[in-house]
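Trainee: Counting with our numbering, you get residues 1 to 453 for the letters of the sequence shown.
A couple of the hints might just be wrong.
As the list claims (entries may be wrong) - Pair by pair, the computed Cβ-Cβ distance ranges are:
{"id": "1", "residue 1": "313", "residue 2": "72", "range": "28 to 36 Å"}
{"id": "2", "residue 1": "90", "residue 2": "133", "range": "46 to 54 Å"}
{"id": "3", "residue 1": "122", "residue 2": "2", "range": "51 to 59 Å"}
{"id": "4", "residue 1": "2", "residue 2": "236", "range": "44 to 52 Å"}
{"id": "5", "residue 1": "122", "residue 2": "361", "range": "48 to 56 Å"}
{"id": "6", "residue 1": "52", "residue 2": "240", "range": "37 to 45 Å"}
{"id": "7", "residue 1": "133", "residue 2": "243", "range": "32 to 40 Å"}
{"id": "8", "residue 1": "223", "residue 2": "428", "range": "25 to 33 Å"}
To be verified - Keeping only pairs whose Cα atoms sit at most 25 Å apart, straight-line, the calculated DMTMM-like set for lysine to aspartate or glutamate is:
{"id": "9", "residue 1": "376", "residue 2": "221"}
{"id": "10", "residue 1": "325", "residue 2": "337"}
{"id": "11", "residue 1": "325", "residue 2": "302"}
{"id": "12", "residue 1": "325", "residue 2": "215"}
{"id": "13", "residue 1": "376", "residue 2": "96"}
Note that these hints are calculated values from the structure, not bench results.
We treat Cβ as the ideally placed atom computed from N, Cα and C, and that holds for glycine.
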Amino acid sequence: MEAVLIVLLAALCVLVPMWLGQAQGVIRWLSPMHLLAYFAFFGFLVKASAYAARPDWAFYRQFVDTPAADLIGVLYLGLFVLLMCLGYRLACAPVDRVGSVAAARLVTAGTRQRGLLFTLAFGVAVATITVILRARGMGLFDAGLLAGLNNAKQINVDHRGVGSTLAGIKTLFIVPKFAFVLLLAHAVVRRSRVSVIQTTLLGGLLIVIALLSGDRFELVEMLVFAGATCLIVGARLSWRSAALLACCVIILGGASAYMTDLRLGLAEQAGLSALLGQIVGSTYFLDFNTAVMVTDRVVQTDLLWGQSYTWWSFGWVPRAIWIDKPAIDLGVFFKRDIMGVTTGGAFNVTGPGEAFINFAWGGLVVAVLLGWFFRKGEVVCLAPTNSTRYATFLLYPLLFYPFIQACLQSSFSAFIVGAAAQAVLIALMIPVFVTRYSAPSRSAIVRRPHYAA
Numbered sequence: 001m002e003a004v005l006i007v008l009l010a011a012l013c014v015l016v017p018m019w020l021g022q023a024q025g026v027i028r029w030l031s032p033m034h035l036l037a038y039f040a041f042f043g044f045l046v047k048a049s050a051y052a053a054r055p056d057w058a059f060y061r062q063f064v065d066t067p068a069a070d071l072i073g074v075l076y077l078g079l080f081v082l083l084m085c086l087g088y089r090l091a092c093a094p095v096d097r098v099g100s101v102a103a104a105r106l107v108t109a110g111t112r113q114r115g116l117l118f119t120l121a122f123g124v125a126v127a128t129i130t131v132i133l134r135a136r137g138m139g140l141f142d143a144g145l146l147a148g149l150n151n152a153k154q155i156n157v158d159h160r161g162v163g164s165t166l167a168g169i170k171t172l173f174i175v176p177k178f179a180f181v182l183l184l185a186h187a188v189v190r191r192s193r194v195s196v197i198q199t200t201l202l203g204g205l206l207i208v209i210a211l212l213s214g215d216r217f218e219l220v221e222m223l224v225f226a227g228a229t230c231l232i233v234g235a236r237l238s239w240r241s242a243a244l245l246a247c248c249v250i251i252l253g254g255a256s257a258y259m260t261d262l263r264l265g266l267a268e269q270a271g272l273s274a275l276l277g278q279i280v281g282s283t284y285f286l287d288f289n290t291a292v293m294v295t296d297r298v299v300q301t302d303l304l305w306g307q308s309y310t311w312w313s314f315g316w317v318p319r320a321i322w323i324d325k326p327a328i329d330l331g332v333f334f335k336r337d338i339m340g341v342t343t344g345g346a347f348n349v350t351g352p353g354e355a356f357i358n359f360a361w362g363g364l365v366v367a368v369l370l371g372w373f374f375r376k377g378e379v380v381c382l383a384p385t386n387s388t389r390y391a392t393f394l395l396y397p398l399l400f401y402p403f404i405q406a407c408l409q410s411s412f413s414a415f416i417v418g419a420a421a422q423a424v425l426i427a428l429m430i431p432v433f434v435t436r437y438s439a440p441s442r443s444a445i446v447r448r449p450h451y452a453a
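All chains should be built: construct the whole structure from the sequences, respecting the hints.
Mentor: Here you go:
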């Protein structure tokens with residue numbers, strides 16, 4: 001009976017944000033509420049259903065044996081999701097969806113110096129990859145290169161299990177990502193064959209970057225980049241686009257399964273079965289396990305009272321300068337100090353988990369604030385006037401989606417430092433490659449893009 005109640009609550013936490021996103025989202029299918037629904041589906045509903053059939057698969061059972069701990073954890077997680085929906089709804093006001101799409105199309109149609117942007121993206125990516133490999137003492141043609149990069153995410157790990165992830169240099173990967181998003185948008189609006197070819201090559205480059213970074217969520221990120229960009233500029237779903245989407249999902253799923261095999265070091269490649277096992281038996285997405293673990297193990301003396309939300313203030317200092325710099329990812333604290341696991345690395349703490357570690361059940365207030373901020377950020381990025389003047393629609397996939405992902409799966413401060421540096425690079429590239437306009441009237445915005453359709 002308990003398992004049935006948990007699955008029903010998980011289903012509610014998927015359906016409510018999905019309905020809210022369809023009803024109120026500025027962008028259909030990939031609004032913040034849609035993203036919340038997808039993360040709740042994989043992190044809560046899929047895992048709860050799997051654990052109902054196979055309780056031994058539950059990650060939290062390695063650490064928690066308190067009676068009813070799972071019910072307390074899912075109650076907290078369910079309330080957190082529903083209160084995020086409440087915060088989002090409280091911030092809702094009428095929006096101009098047609099004007100938002102038209103403004104993005106108008107700006108995208110005027111993309112400049114596409115050849116230079118394409119060349120810059122590849123040049124920066126190659127240079128960045130070279131620096132990363134040298135820092136790890138590897139060469140591009142070393143045997144076991146991919147296995148080594150996927151097995152060891154940190155270098156120079158100290159006695160606390162904290163090391164360098166080279167996050168600073170990886171910030172430069174925002175350049176090929178920016179090029180991918182802008183050139184994909186131009187390909188959709190202008191139907192330019194050259195832009196289609198450039199976008200395809202950049203997509204392959206981003207897959208290589210994900211393989212070398214050892215981060216499977218880079219592949220999820222790439223899929224959202226493409227989907228959000230197409231929806232923002234008003235691409236219409238057809239059988240052809242649906243088939244293309246299916247092919248992309250298959251390619252990215254295969255790459256993700258391959259990365260899982262590399263990480264696990266399997267003698268016999270397990271493919272998608274290993275990937276599914278990693279999803280179910282881990283703390284990925286808006287995780288059910290984390291909610292159970294924090295509500296069971298966090299005590300009054302563990303509470304940080306908001307400290308983790310300020311760790312970004314010293315995170316900008318390179319570890320090469322500050323050798324003993326504390327980890328700014330709360331997942332390290334969660335794994336080592338809360339759960340008592342000292343093997344290095346981190347557990348994904350999730351947004352609900354971070355709120356509980358800071359304020360216990362008072363962390364539910366954070367859920368309302370996050371939902372409110374998600375709505376405000378979505379509107380700021382996609383408002384027609386902001387898009388025409390500042391090309392802010394590009395920020396939605398490149399910065400705002402990763403922020404939502406970090407707030408749902410990771411921790412706040414770990415995202416902010418890298419995002420600030422990425423925002424500077426994007427701000428430098430927009431004036432060079434994007435044609436912007438002083439705010440024209442809504443009728444002009446809606447009319448002018450028709451020539452590019």
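Trainee: Run every hint past the structure and note whether it holds.
Mentor: Hint-by-hint comparison with the structure:
1. 313 - 72: 28 to 36 Å: Given a distance of about 33 Å, which is inside 28 to 36 Å, the answer is holds.
2. 90 - 133: 46 to 54 Å: The hinted range 46 to 54 Å holds for residue 90 and residue 133, with Cβ atoms some 48 Å apart.
3. 122 - 2: 51 to 59 Å: Check passed, 54 Å falls within 51 to 59 Å.
4. 2 - 236: 44 to 52 Å: For residue 2 and residue 236 the Cβ distance comes to about 45 Å; the hint holds.
5. 122 - 361: 48 to 56 Å: holds (50 Å)
6. 52 - 240: 37 to 45 Å: holds (39 Å)
7. 133 - 243: 32 to 40 Å: holds (37 Å)
8. 223 - 428: 25 to 33 Å: holds (26 Å)
9. 376 - 221: Holds, because 21 Å separates the two Cα atoms, which is no more than 25 Å.
10. 325 - 337: holds (17 Å)
11. 325 - 302: holds (21 Å)
12. 325 - 215: Holds, at roughly 23 Å.
13. 376 - 96: holds (14 Å)
Against the hints set out earlier in the document, no violation occurs for any number.
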